[in-house]
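Q: Our numbering numbers the first residue of the sequence shown as 755 and each following residue consecutively.
These aren't lab readings, by the way, just hints derived from the structure by calculation. All C-beta atoms, glycine included, are put in the ideal place defined by N, C-alpha and C. Check each hint, because a few of them may be wrong.
[Stated by the list, open to error] As a list, the in silico DSS-like pairs of lysine-lysine whose alpha-carbon atoms are at most 30 Å apart: (1) Lys1185 <-> Lys875; (2) Lys1356 <-> Lys1288; (3) Lys1293 <-> Lys1350; (4) Lys1350 <-> Lys1332; (5) Lys1288 <-> Lys1350; (6) Lys1292 <-> Lys1266; (7) Lys1264 <-> Lys1207; (8) Lys1003 <-> Lys1168; (9) Lys1168 <-> Lys1292; (10) Lys1266 <-> Lys1202; (11) Lys1325 <-> Lys1356; (12) Lys1356 <-> Lys1332.
[What the hints assert, rightly or not] Taking CB as the label site, the calculated pair distances span: (13) Asn1340 <-> Phe1015: 32 to 38 Å; (14) Val853 <-> Lys813: 15 to 21 Å; (15) Leu811 <-> Pro883: 37 to 43 Å; (16) Pro1030 <-> Ala1294: 39 to 45 Å; (17) Met1286 <-> Ala1031: 32 to 38 Å; (18) Val942 <-> Ile907: 24 to 30 Å.
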Amino acid sequence: MEASANNAKEKTSIKTKVQRLGSKLSGMVMPNIGAFIAWGLITALFMKTGWLPNAELAKMITPMVTYLLPLLIGFTGGSMVYEHRGGVVGAIATMGVIVGTNIPMFIGAMMMGPLGGWCIKKFDAWAQPRTKQGFEMLVNNFSAGILGMILAIIGFFGIGPVVSGLSGALAVGVDWIIARGLIPLANVFIEPAKILFLNNAINQGILTPLGIQASASAGKSILFLLEPDPGPGLGVLLAFMFFGKGTAKSSAPGAAIIHFFGGIHEIYFPYVLMKPALFLSVICGGVSGTFMFNLFGSGLKASPSPGSIISILLMTPKGIMNYVGVISGVAVATAVSFLVSMVILKRDKSEEIDDIGASQAKLADMKDNAKGTAADNQDAKAILSTAENVNHIIFACDAGMGSSAMGASILRDKVKKAGLDLSVTNTAINKLTDEPGLLVVTQEELAKRALSKTPSAVHVSVENFLNSPKYDEIVTGLKTKEVSADTPAETPSEKAEAKADAVTNLDAAKIKRVDFIHHDQNIGSATMARSMFKDTLKKADKTDIDVRNVAVGEVEDTDTTLVIASKETAKRIKLSFKNVQVLVVNDIVNAPEYDKLISELK
755 MEASANNAKE KTSIKTKVQR LGSKLSGMVM PNIGAFIAWG LITALFMKTG WLPNAELAKM
815 ITPMVTYLLP LLIGFTGGSM VYEHRGGVVG AIATMGVIVG TNIPMFIGAM MMGPLGGWCI
875 KKFDAWAQPR TKQGFEMLVN NFSAGILGMI LAIIGFFGIG PVVSGLSGAL AVGVDWIIAR
935 GLIPLANVFI EPAKILFLNN AINQGILTPL GIQASASAGK SILFLLEPDP GPGLGVLLAF
995 MFFGKGTAKS SAPGAAIIHF FGGIHEIYFP YVLMKPALFL SVICGGVSGT FMFNLFGSGL
1055 KASPSPGSII SILLMTPKGI MNYVGVISGV AVATAVSFLV SMVILKRDKS EEIDDIGASQ
1115 AKLADMKDNA KGTAADNQDA KAILSTAENV NHIIFACDAG MGSSAMGASI LRDKVKKAGL
1175 DLSVTNTAIN KLTDEPGLLV VTQEELAKRA LSKTPSAVHV SVENFLNSPK YDEIVTGLKT
1235 KEVSADTPAE TPSEKAEAKA DAVTNLDAAK IKRVDFIHHD QNIGSATMAR SMFKDTLKKA
1295 DKTDIDVRNV AVGEVEDTDT TLVIASKETA KRIKLSFKNV QVLVVNDIVN APEYDKLISE
1355 LK
C-alpha cells in the first residue's frame, strides 16, 4: 500500500512538473498569439503562392518570423521572471541566438528570455543594497545593458549553435517520421495528454516551434494540425448527443458548438474523464484524422489559435486540394471518434455514470472520503466566512485564455444579475499574485499550483470551467453573507412559528412541480427523497405533479414550482429566485411535513 502511494505521489509530481513546464512555455507564446496569426495571414495572402500575391508586402514574412516573433517570446519570457526589466534583458539575450543561427529561433528564445530575466533579477538583488544614493539610475541602466550584451554574446557563440543543431535534429526526425507515414502514431500520445492538461506543453512548446520552421521553408506544416484538430472531441460530444443520458446528453449540443466553432477544446475533457474508455475514441479519431492529413499532404501556414474550425480554415494554404485534405481529416477524425464512442456508450449500461453531474459529484465524494474532508463544504464555508472581504474573482488556467475566459464570462454574468459589485477576470496561473480580497477559481488539476501562488486567497476548484454548479454556490454564498449581515436573527418562538406554518403558508393549488435540490454532499439522499415522495404521490392518486431531482441552477423561477431543501440551501434559493415556493425541512428523506404537504396537494 505504501509503495503504491509513493508511486502515485511520484507520478503526480512528474505530471505536475510537466504541467508547470508547459505553463511556462505556453505563457511565452499565448500572449503573443496575435502576432503569430498576423504572420500566418500575411504569409497566406501575400507570398508567391498566396491568395493575393504581392512581392512588396511579402517582404514582411521573413523578418517577422526571424526577428519579431522570437523577440516577442524572449521579452515575454523575461518579463514573466522579472517584469519589464527582465523582459528587456531577455529580448537582448534572444537577439544573440537569432543572429547566431539561420533558422527561426523559437526554442532559443524560450531559453534566453527567462534566463535574461533571471540573471538581471539576481544581479539587482545583489547590487541594489550596495548602490550609493543618487547612482540608482546609472547602475540600473548600465547593468541591464552590460548583462544583456554578455548574454547576447553567449547566445551567439554558445546557445544558438546548440539549439540550431537540436532543432535541426528534431526537424530531421520529424521529416523521417512523416516520410514513412508514421506521423499518425503521434496522436496516441497527444490525445490523452491534451485531456490531462498537457496540451499547451505539447502544442506551444514542441509542435509550434517545429511547425514554424517547416512552414517557413515549405509554406505549410502538418504539425500545426496534430493538436488543434477538433474532430476527436467533436465525435465524443456528438455521441453523447445521441446516446448519452441525463445532463451529459442535454449539455453535449452546446458543448459541441463551443468546441468546434469556438475552439475551446477543454469543454469535452470532462466527458472523456467521466468514462475513461472514451480515451480510445479520441486516440482512434486523432490517428485517423492525421492519417488523412498525411495522405493528402495537408498542412497549415501557422498555428491556429484557438483550435476552431474557423481558425484552421483561415490558416489553410490556397488550393482546393489543401481544403479538401484538411476538411477530410477533421471529418474522418469526427466520424471515427463518434463510432467508437457510440459503441462504448451503448455497451455501458451504468445509469449513475451516464449523468455528467452525477459523475462529477461521485468523484468529489470519493476524493472527500479519501482525504477525510468535505472539500465542497470547505469551499462554501470559506466563501461565507470571508465574503465581506472578497472584491475580486480570478479564473486561472495554464494559458489564461480559452476555457478560463469562458468561465469568467459565465460567472461575471451571474454576479451582475445578482447585483454584486465584484470584478471577475481571468489570467494565466503563473501570473497570479497574492492580494487581499481575492477569490481564485481554477480546475482541480491546477488547484495546488494556484494555492501555492496565492496562499491567502479563497480557493474554489471545479471540474469544468464551462459547466460547474459551484458558480451558483459562489454567488449565493457571497450574497447570503451580504444579506445576513443586515438580517436580524430569529427568536426561538419565531423559529417554532415558522416551522408550524411551513406547509400552511404554501399555495398548494398552484404547485405543478416539486424540486428536490441536490449538490455534491446530498445527491444520494436527494435522489432517494424524490423517489419516495413520488411513490407517495402516486399512492395518493396525485400523478399530475412533476417531481424532479435538480441542481440549484436548474430550478424554474415560477410560483408553480415548490422547492424542498434544507435550511441552508433554502436560504440560497430564496435569494436567487423570487417566485418559487420553498418548503424547509430538517430531514430531506423523512420529513414529517410531507404528509401534510400531500394532503394539501390533494
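Q: Determine whether the Cβ-Cβ distance between asparagine 1340 and phenylalanine 1015 falls within the hinted range of 32 to 38 Å.
A: 48 Å, violated
Q: Can you confirm whether the C-alpha distance between lysine 1003 and lysine 1168 stays at or below 30 Å?
A: 24 Å, holds
Q: Taken at face value, is the distance from the CA of lysine 875 to the CA of lysine 1185 at most 30 Å?
A: With Cα atoms ~17 Å apart, lysine 1185 and lysine 875 stay inside 30 Å; holds.
Q: Does lysine 1202 lie within 30 Å of lysine 1266 when you go C-alpha to C-alpha?
A: Measuring from Cα to Cα gives roughly 45 Å; hence the hint is violated.
Q: Could one say that the CB atoms of proline 1030 and alanine 1294 fall in the range 39 to 45 Å?
A: 44 Å, holds
Q: CA of lysine 1325 to CA of lysine 1356, is that 30 Å or under?
A: Distance ~27 Å between lysine 1325 and lysine 1356 Cα, so the pair holds.
Q: Are the Cα positions of lysine 1264 and lysine 1207 separated by 30 Å at most?
A: Judged against 30 Å, a Cα distance of about 52 Å means the pair is violated.
Q: Lysine 1350 and lysine 1332: Cα distance at most 30 Å?
A: 24 Å, holds
Q: Please verify whether lysine 1293 and lysine 1350 have alpha carbons no more than 30 Å apart.
A: 15 Å, holds
Q: Is the Cα-Cα distance between lysine 1292 and lysine 1266 30 Å or less?
A: Holds, because 14 Å separates the two Cα atoms, which is no more than 30 Å.
Q: For the hint 32 to 38 Å, verify it against the beta carbon of methionine 1286 and that of alanine 1031.
A: 34 Å, holds
Q: Hey, lysine 1356 versus lysine 1288, does the alpha-carbon distance stay inside 30 Å?
A: 14 Å, holds
Of the numbered hints listed earlier, those contradicted by the structure are 7, 9, 10, 13, 15 and 18.
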